[in-house]
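Novice: Next come the chains, spelled out residue by residue.
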Amino acid sequence: MDFSGLINDFGPLTVSGLAQGAIIALFALGYTLVYGVLRLINFAHSEVFLMGTYACLIVWGWFGLNQDSAAPSVGGMLLYLAIGLIVAIIASGLTALAVEVVAYRPLRRRNAPPLAFLITAIGASLFISELTGVLTHRNQRGVPPIIQAKPLLTIGDTTITNLQLLIVVLALVMMFLLDRFINASRLGRGIRAVSQNPDSAALMGVNKSRVIGLVFLLGGLMAGVAAVMYNLKIGVTRYDAGFLLGIDAFAAAVLGGIGNLRGALLGGLLLGVLQAYAAGLFGSQWLHAASFVLLVVILLFRPTGLLGESLGRARA
Amino acid sequence: MSEKANFRENGGVRGWFGRQPTWVRSVVVAVALVLAFLLPYAGDVPLIGPQIVTEGIDWPSALFNMSYYVLLALGLNVVVGYAGLLDLGYVGFFAVGAYGTALLTSPDSVLYADTGWKWLMAVPVALALTMVAGLVLGWPTLRLRGDYLAIVTLGFAEIIRIFATSTTTLRGDRGFASIPHPPGEWGGKPIFGVTDAVPYFWLGLVVIIAVILGVRNLDRSRVGRSWLAIREDEEAAEIMGVRTIKYKLWAFAIGAFIGGLGGVLFAGEQGFINSQTFVLQFSILVLAGVVMGGSGNMAGAILGGALISYIPDRLRGISLGDTDLYEYRFAMFGLVIIIIMVLRPQGLIPSRRRAMELKDREKEVAPQ
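Protein chains in written order, with our numbering: chain A, 1 to 316; chain B, 1 to 368.
Keep in mind that the hints were calculated from the coordinates and are not lab data. Nothing here was measured: the structure is a model prediction, and the numbers come from that model. C-beta atoms are modelled at their ideal positions from N, C-alpha and C, and glycine is treated no differently. Among the clues, some could well be false.
Stated by the list, open to error - Now the stretches of chain B that chain A is said to cover, found in silico as 3 or more residues with beta-carbon under 8 angstroms: (1) 139-145; (2) 151-158; (3) 161-172; (4) 291-298; (5) 340-351.
What the hints assert, rightly or not - Which residues of chain A face chain B? A partial, calculated answer using Cβ under 10 angstroms: (6) 79; (7) 80; (8) 81; (9) 111; (10) 122; (11) 124; (12) 127; (13) 133; (14) 255; (15) 285; (16) 295.
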């Protein structure tokens, strides 16, 4: 244990943890949304994210960008960033819809037991990630330097880079938009109704199938944004990137209270920061072990997560 | 009418089997057992044989792989199928069993100077260790339901894997070599050698049969009825006086024990283990096998466990055009899982009770 490392680097660790946590939180929204409505873990959500990371890289590749190219000008940077975001959002959204149609809809028609959904989702996840693995020869793919991380402001001995700020701000904006959408729009009301009581909602004229599709799509959109930010922050992606980060995201969703949007944000940020501290304290190989121990401890005292389950009730 | 009598009136193979007199049933079981023991020679059967056996990996080894997957599926079936506790980190117990054996027997182990045991001596200790691991996992998770339990079990397996990767005692990638094989000699040569996997398969089969008998008896006892009650409705079970905490711990411990058996056998056959063996995808595969085969039914778990090992092994060494299908094995396997579950959401060989429940559920599909 290296307490001096943690204390000396407390500020930088917090900042980088927050940036990582923002990505995890956006990713976790997909789990939470689907769980809130269907009461099912969407195991294939990690591959929804994966498709976002690759789609964005492939399109940047069409513009002649690869990991060795020079950093673009400010205008180019904004353009590429916008293009990357749009492409990743579309790719992730479509993947999420495809997962719903292939792995969930047929089972829902037959009112299959919950475990069956989990297994088809696992099947879809295996299929997508392994196919990606085979097609990329299991190599990692580098990300072009769209944004050069430059120190933006310094507080004490803590520097915050433009990239970290962008990630956190973008995540908060997306969260805010989603929160408004769920709580203030007509479609959002449908989502809340179905998550409270699917049968009553259906009887009141809510199109349940459409709501479920919408929930998958929303989760996909958020994962798409998370995918671009992940690319920029980590700098490489690989066929199993979604799976590994997906475990964090799922843990974050559970930590905050699965089915609860604000819980996902809290859980994500908390998990990101704690992982950064754990890495500082024990070394980075223990990062996941620490986060799982924390998860178990919190669940011992609050068995439904920090903020409790609630997409439908009283409501965040 | 009792439940059992009810099932006997069913059509299908199981209905027929249930109606036969005892001696017919014993003969059928005996023939099935003999055929199972003869499986390593399936390749010699004309016409069908060559289609069944694997090409890229020698057939007895593939059979041994199937046998420990079947063991894992049987153990997970107790946790998921009987007690209804969703465990995504089952490979953790497999790892504890294998590492327990390795620590006690391998010359690479820090304990070697003190222990340096033979395989058989290490088995009970390693199994006791896995049962303790089952209780350690079970105790803090008693209050958790469904998906919360899933993430905690998943975390448990990850923690074990991280320990195996990152601590010097467990040696990470370098792993443990020269783990002794099971004992026994035949005509001056050791039965469990390096080249021939047939004895290992037979050993696995014997263990599987013992596990089937043990679990079947448990399932038909007070323990099994309590599991069923917990699975169907935990609150109701608790109110009716089922000691849910005790029986959930039982399920974890027994599941862990069977998983540990798989690990012990695996370590004894391979002679080498490292942290790469115990990836998380492995437990997810086993879970997929259990549910695909028919959760809550041992025949289903056996079939599912065998399939998750057989399908990828069978695809090994087959090329279509220029591509080796083995590369695509998990992608194809993912597709197969989706297709099977969509066509048979209750699993390939569902438990009878589950199948009847599902029929009821299909009738009450809510408006979409």
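Novice: Decide, hint by hint, whether the structure agrees.
Specialist: Here's how the hints hold up against the structure:
1. Counting residues of the region 139-145 of chain B whose CB falls under 8 angstroms from any CB of chain A gives 5; the rule of at least 3 is met.
2. Evaluation of the coverage hint for the region 151-158 of chain B: fulfilled, as 6 residues show C-beta separations to chain A shorter than 8 angstroms, against a requirement of three.
3. Chain A is given as covering the region 161-172 of chain B, and this holds because 4 residues of the stretch bring a CB closer than 8 angstroms to a CB of that chain, at least three being needed.
4. Counting residues of the region 291-298 of chain B whose C-beta lies closer than 8 angstroms to any C-beta of chain A gives 3; at least three are required, and the coverage claim holds.
5. A count of 4 residues in the region 340-351 of chain B with a Cβ less than 8 angstroms from any Cβ of chain A is obtained; the coverage claim is therefore met, three being the minimum.
6. Checking residue 79(A) against chain B: minimum C-beta separation of about 35 angstroms lies over 10 angstroms; hint violated.
7. About 31 angstroms separates the beta-carbon of residue 80(A) from the nearest beta-carbon of chain B, more than 10 angstroms, and the hint is not met.
8. For residue 81(A), the interface hint is violated, since its Cβ never comes within 10 angstroms of a Cβ in chain B; the closest pair sits about 32 angstroms apart.
9. Taking 10 angstroms as the C-beta contact cut-off toward chain B, the hint placing residue 111(A) at the interface holds, the least distance being around 5 angstroms.
10. Evaluation of the residue 122(A) hint against chain B yields a held restraint, the C-beta minimum of about 5 angstroms falling below 10 angstroms.
11. Below 10 angstroms, beta-carbon pairs count as interface contacts, and residue 124(A) has one with chain B at about 6 angstroms; its hint therefore holds.
12. Among the interface hints, the one on residue 127(A) holds; its C-beta lies about 3 angstroms from the nearest C-beta in chain B, closer than the 10 angstroms criterion.
13. Taking 10 angstroms as the C-beta contact cut-off toward chain B, the hint placing residue 133(A) at the interface holds, the least distance being around 8 angstroms.
14. Taken as an interface hint, residue 255(A) checks out: its beta carbon lies about 9 angstroms from the nearest beta carbon of chain B, inside 10 angstroms.
15. Among the interface hints, the one on residue 285(A) holds; its C-beta lies about 4 angstroms from the nearest C-beta in chain B, closer than the 10 angstroms criterion.
16. Residue-level restraint check for residue 295(A) holds (minimum Cβ-Cβ distance to chain B is 6 angstroms; threshold 10 angstroms).
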